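Okay, here's what each chain looks like letter by letter:
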Amino acid sequence: MTPAQVADRLAQAIRSALEHAGGRSAEIASGVDDGRDWCSAVVDVPSPAWRPAARLARDDPDLDLSYFDWLSGVDEQDGGFGVVAHLWSVRHRHGALLRTTVPRDEPRLASLVPVFAGAAWHERETFEMFGVIFDGHPRLEPLLLPDGFTGHPLRKDFVLASRVAKEWPGAKEPGESHTGATRRRMRPPGVPEDWPRDA
Amino acid sequence: MDLTPVDRVSGRDLGGGGGLLDRTLPDPIKFVLNWGRRYSLWVFNFGLACCAIEFIATSMSRHDFIRLGVIPFAHGPRQADLMVVSGTVTDKMAPAVRRLYEQMPEPKYVISFGACSNCGGPYWDSYCVTKGVDQLIPVDVYVPGCPPRPEALLQGILRLQDKIAGEPVSLRGGARGRAGQAAALTAALVRPPATGEGRP
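Protein chains in written order, with the working numbering: chain A, 1 to 199; chain B, 1 to 200.
In case anyone wonders, no lab produced these hints; they're calculated from the structure.
Errors might be hidden in some of the hints.
Unchecked claim - Derived Cβ-Cβ restraints for the label pairs, each shown as a range: (1) A:33 with B:40: 57 to 67 Å; (2) A:174 with B:155: 23 to 33 Å; (3) B:91 with A:103: 30 to 40 Å; (4) B:128 with A:196: 42 to 52 Å.
A quick note: this is a predicted structure, and the numbers were derived from the prediction, not measured.
We treat Cβ as the ideally placed atom computed from N, Cα and C, and that holds for glycine.
Based on the provided sequences and hints, a complete structural model is requested.
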């Protein structure tokens with residue numbers, strides 16, 4: 001199957017399952033990403049359909065997306081958080097990106113661990129990096145960050161405080177180290193306006 | 001590189017004076033003692049990132065730092081004289097770096113190899129990277145580069161050997177009086193994560 005066919009097939013399977021359960025199906029969008037010859041099938045599902053969609057993708061004999069590759073998050077700022085999972089079929093050698101969006105003020109999503117046990121660490125990482133809470137995860141706690149770390153460092157509003165504490169140690173312009181001339185000091189990108197310049 | 005002022009004539013570190021032994025031993029004896037120290041550096045590679053590959057290349061036959069008296073590899077930090085921190089030190093790794101440094105016997109030396117362990121390097125603004133290993137342990141020689149070539153490490157080793165040659169002599173070796181660290185050596189191990197239930 002081509003990526004477009006995979007996307008159509010997966011979206012169709014999810015749609016019919018949702019209609020069977022009495023849910024809305026209009027929110028399911030399918031297509032391919034802009035990777036041209038190497039494009040991938042993409043299916044966007046509403047967040048309540050996240051776990052059923054993954055189970056359908058795994059169990060459908062024609063799709064056979066039984067290999068869980070990875071899961072991560074995207075900070076869409078006002079659009080909430082995107083959660084993306086990449087599934088692959090070892091037998092058919094095709095894959096699909098399963099995407100959903102959770103609201104920023106309450107980022108909760110059903111865990112995929114009952115469907116793919118390998119999603120556990122990916123969800124723990126997404127939890128600590130983006131603050132997305134995966135309901136039904138057996139052990140949702142930080143995986144990589146040091147003990148006592150506060151904040152979600154891959155959120156766009158996470159300020160990299162070291163930029164304020166320590167300037168970029170290298171030269172900013174060619175020849176700067178020879179002439180001794182330095183550029184006007186600027187507020188580092190991502191640091192709020194009201195932060196002191198030399199913390 | 002290292003800029004510690006050394007008086008070449010007397011061979012003494014201008015930064016600090018020597019102990020009783022340093023004042024009473026004749027100069028040839030002191031020379032021989034430091035000569036032995038500088039050419040038998042059992043090295044302990046704290047390889048954390050791509051710089052470790054350059055370090056390993058330096059230990060292999062083409063660059064071959066054993067001809068400078070650097071002996072690869074000590075079986076562990078307790079047998080080592082020199083630690084080369086090569087790679088990105090993260091905040092989560094920092095306690096382990098500190099702990100293994102404390103386990104090394106005196107006299108001990110540290111070479112910080114590469115931009116990351118010197119100052120954080122390209123990750124200077126990261127949320128998880130330590131901004132230089134010298135925030136954790138004293139560093140004798142900094143080798144710049146990203147990653148530095150093996151020749152740069154060879155030069156760093158030569159600079160370290162120059163520094164050792166100028167050290168005041170004592171029975172315990174190193175010039176740093178670092179007492180009261182026994183507690184760090186016997187500190188409890190880091191508790192591993194719970195296993196069994198709840199682990200998928």
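Quick rundown of the hints versus the structure:
1. A:33 with B:40: 57 to 67 Å: holds (59 Å)
2. A:174 with B:155: 23 to 33 Å: holds (26 Å)
3. B:91 with A:103: 30 to 40 Å: For residue 91 (chain B) and residue 103 (chain A) the Cβ distance comes to about 31 Å; the hint holds.
4. B:128 with A:196: 42 to 52 Å: violated (24 Å)
Hint compliance for this structure: hint 4 is the single one not met.
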